[in-house]
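First residue of the sequence shown: 1, per this note's numbering; consecutive thereafter.
By construction, these hints were calculated from the structure, which means they are not laboratory data. Cβ atoms here follow ideal geometry from the backbone N, Cα and C, with glycine treated the same way. Among these hints, one or two may not hold up.
[As the list claims (entries may be wrong)] Distance windows between CB atoms, simulated:
| id | residue 1 | residue 2 | range |
| --- | --- | --- | --- |
| 1 | 146 | 48 | 38 to 48 angstroms |
| 2 | 74 | 136 | 20 to 30 angstroms |
| 3 | 40 | 72 | 48 to 58 angstroms |
| 4 | 73 | 193 | 31 to 41 angstroms |
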Amino acid sequence: MKFQPSKRFLAITGSVVLTAALIAGFSLAAPRLALGGKERALIQQIESKPEAKEAYAAILEHQKKKAGDADNPTWYIAIGNNWVLIGDLLGNQTARDKAIAEYEQGIARLGKKNTTLINNAGNAYRASGRYGEAEAKYRQAIEANSGEPTAYENLIDLYRMDLKKPPAEIIKVFQLALDRLIENARIIQLLAEYLVSVGRERDALQYYYLLEKRHPEQFASVIADLERKVNQEKK
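Construct the entire structure; sequences and hints are all you get.
Given below as structure tokens:
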């Protein structure tokens, strides 16, 4: 799942000025660590791409605001999201690790109820190939707010695309979502589509019938196609 990074960038021009700002920023983010090889390589990559420069400038600005407002989740989310953006732009794991560290810092400080921070941490773990930790975060987000659908969708997508879980385990997450999110049309549609994808058209029809009650026009053709297929299988 893609992140939506902050658009409020602070423009910084000039390679020398930017390099000094980057070094200062790394010392703020990790004051006890010397600037290592990975960080130096990341600085060089950031300097080579204007979008990455802008994202890092935003990080520096948000760090200043966080210093005086450390109980506000906005800054942890914004800093983490911009590190994710840099990681995606540059294909750089060091940046992704910094995103994870920022989200985790926010979770530790603010408690385990902010599902945006928790889901974003899960997404960053997933982008880093740390699927077990991603799964744990999505489940943590579900427990923190069982009525919010994002974590269910994230967990289902992780199970399908990365962990390649068997249908029974994936459907179990769908059922958990349906038990807690009463008549959530998006979850119902995702389940119906998934059942079709694994060859369970008859089961999928039952969920499309539920959707049809709310949106009689939208699913008519899908239902008709599935009914034809199911009837052909009976013959």
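Status of the hints after comparison with the structure:
1. 146 x 48: 38 to 48 angstroms: holds, 44 angstroms
2. 74 x 136: 20 to 30 angstroms: holds, 24 angstroms
3. 40 x 72: 48 to 58 angstroms: violated, 31 angstroms
4. 73 x 193: 31 to 41 angstroms: holds, 33 angstroms
When held up to the earlier numbered hints, the structure conflicts with hint 3 and nothing else.
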